Amino acid sequence: MIRVFVQAAPIDVGAEIDLHDAGGHGASASFIGRVRGDAGLTELFLEHHPAMTEAGLASLAHAAADRWKLGALTLIHRVGSMTPGETIVLVLASSRHRAEALAACEYLIDRLKTDVMLWKRESFADGRIAWVEEREDDRDRAARWE
Amino acid sequence: MRIELAYFAWVRERMGTPGETVELPPAIADVAALLGWLAARDERGAATFADPHRIRAAIDGALAGPDAPLAGVREVALFPPVTGG
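Read top to bottom, the protein sequences are chains A and B.
Quick note on numbering: our numbering labels position 73 of the first sequence as 73, and the sequence is numbered without any gaps.
Count along the second sequence from 1, add 1000, and you get the number used in our numbering.
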């Protein structure tokens, strides 16, 4: 089963792992992206598009499920205001064997950084506020899957 | 031609609004021309769209390149490169 959510509420990783139906699939891999508190960061704000963000995540999820024959996939991205340590994104992928689940996780996190309508804005303790710039390294990693 | 524009992230902040309805001259036929028209329209547009290489677009919910045509389009979203994950 494919589960895709865009949500402002905190992601309960433990509860999502329980809800992710890995029954009988043998191998489950996970990726958890969290807010880093370095450089005095006090808030991370994620802006999204009301329709295209979830559609973009769903499109990637279906592509991954087809490519790696996944038995179950959970893809949840948080939006709105977050503080250091909070979970931004959760990927859970299950397949018969580990290689497919691990590859699907890596594909999803690489591609959602370049393909999905989400924008990060950082606020710092010294009052500075800045939109995050796209990183060449992220583009290169995403291009590996084409 | 009348279309809806939607702005996101620093494009929204610099334009001072999440969106607007504009009446485009017939000569503005694609995304690149739209960005040029907005940049020439006023100071906010100039500050936001002076460097069109930093802007991405989506037409009616689908990502679109600079030469994507605007004929028959309802909404154009304009935004910086995405940075989720």
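I should point out that these hints are in silico values taken from the structure, not numbers from a laboratory.
Hints may be right or wrong, so weigh each one.
[To be verified] One side of the interface only, derived from the structure: several residues of chain B facing chain A at Cβ under 10 Å:
hint : residue
1    : Trp1010
2    : Glu1013
3    : Gly1061
4    : Leu1070
[As the list claims (entries may be wrong)] Here are the in silico distance ranges between beta carbons for each label pair:
hint : chain 1 : residue 1 : chain 2 : residue 2 : range
5    : B       : Arg1014   : A       : Gly24     : 34 to 40 Å
6    : A       : Asp38     : B       : Arg1044   : 46 to 52 Å
7    : A       : Phe5      : B       : Gly1019   : 24 to 30 Å
8    : B       : Thr1017   : A       : Gly23     : 46 to 52 Å
Everything numeric in this text was worked out from a predicted model, so none of it was measured.
We put the CB at the ideal spot given by N, CA and C, even for glycine.
Those earlier numbered hints the structure runs against, lowest number first
4, 5 and 6
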